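Line by line, the protein sequences give chains V and A. Numbering-wise, this note's numbering puts 12 at position 12 of the first sequence, and it's gapless, one number per residue. Count along the second sequence from 1, add 1000, and you get the number used in this note's numbering.
Source of the hints: derived by calculation from the structure; they are not laboratory data. Be a bit skeptical, because a hint or two may be false.
Examples of chain V residues toward chain A, derived with CB under 8 Å [as the list claims (entries may be wrong)]:
| no. | residue |
| --- | --- |
| 1 | Y25 |
| 2 | Y32 |
| 3 | P40 |
| 4 | E44 |
| 5 | F47 |
| 6 | L48 |
| 7 | R50 |
| 8 | F54 |
| 9 | A81 |
| 10 | V84 |
| 11 | A88 |
| 12 | F91 |
| 13 | S95 |
| 14 | A107 |
Residues on chain V that point at chain A, a partial pick, calculated with CB under 10 Å [what the hints assert, rightly or not]:
| no. | residue |
| --- | --- |
| 15 | A7 |
| 16 | T9 |
| 17 | S12 |
| 18 | Y33 |
| 19 | Y37 |
| 20 | S42 |
| 21 | G62 |
| 22 | C92 |
| 23 | G108 |
| 24 | A115 |
Given the structure is predicted, the values throughout are model-derived calculations rather than measurements. Even glycine gets a Cβ: it sits at the ideal position worked out from N, Cα and C.
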Amino acid sequence: AQKVTQAQTEISVVEKEDVTLDCVYETRDTTYYLFWYKQPPSGELVFLIRRNSFDEQNEISGRYSWNFQKSTSSFNFTITASQVVDSAVYFCALSGFSNDYKLSFGAGTTVTVRA
Amino acid sequence: DVKVTQSSRYLVKRTGEKVFLECVQDMDHENMFWYRQDPGLGLRLIYFSYDVKMKEKGDIPEGYSVSREKKERFSLILESASTNQTSMYLCASSGLRGSGANVLTFGAGSRLTVL
């Protein structure tokens, strides 16, 4: 069975602060994919990143960065210098390689960035 | 701009009514999905379809059925709506199995209230 835990339900920061969203996963698969999606107030989930379990390199995309640590089964997401437009619900998700189209999602973390 | 379009953004139905939620994608994607989103539970997979007329149960199929008569359209059916089916319903699609199969494109969601 696969499980994704996002322990932080809500995070509130002031603009320009950094914010880190935690994601811990459980899987029996030796190979798998990890994802982050953003759901702004409009409701449509937007794909942010996919990482496969072979690649433990951290990734940076603009103000976003991801830290994948297989040893602790974590795939954390950091927003640097947050902006009001970053306010959204963020979901971490996991899929196996064998049935890679089935994603297991965490409960989501609501980020509120105050001006 | 590629899209997944859900026909109704907000619906209010009465207990026992038959409810149809429609989803159309214009990306010629093979895979289509219906998820349910509830606070604290994240997204849970109801049904998915990997081809026309083909469907598989997800994690919570009870009380739901689906129909995929055309590649671009995937319908979720509540045969007899109940109050515990009040939720946000999200449709998604993805391409062939392989590198793109688990990168989902989501619609904006349909918020269903059953009274």
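Hints, verified against the model:
no., hint, verdict
1, Y25, "violated, 13 Å"
2, Y32, "violated, 10 Å"
3, P40, "violated, 10 Å"
4, E44, "holds, 4 Å"
5, F47, "holds, 6 Å"
6, L48, "violated, 11 Å"
7, R50, "holds, 6 Å"
8, F54, "violated, 13 Å"
9, A81, "violated, 27 Å"
10, V84, "violated, 21 Å"
11, A88, "violated, 13 Å"
12, F91, "holds, 6 Å"
13, S95, "holds, 5 Å"
14, A107, "holds, 4 Å"
15, A7, "violated, 12 Å"
16, T9, "holds, 8 Å"
17, S12, "violated, 17 Å"
18, Y33, "holds, 6 Å"
19, Y37, "holds, 8 Å"
20, S42, "holds, 6 Å"
21, G62, "violated, 19 Å"
22, C92, "holds, 9 Å"
23, G108, "holds, 5 Å"
24, A115, "violated, 25 Å"
When the structure is compared with the earlier hints, violations turn up for hints 1, 2, 3, 6, 8, 9, 10, 11, 15, 17, 21 and 24 and for no others.
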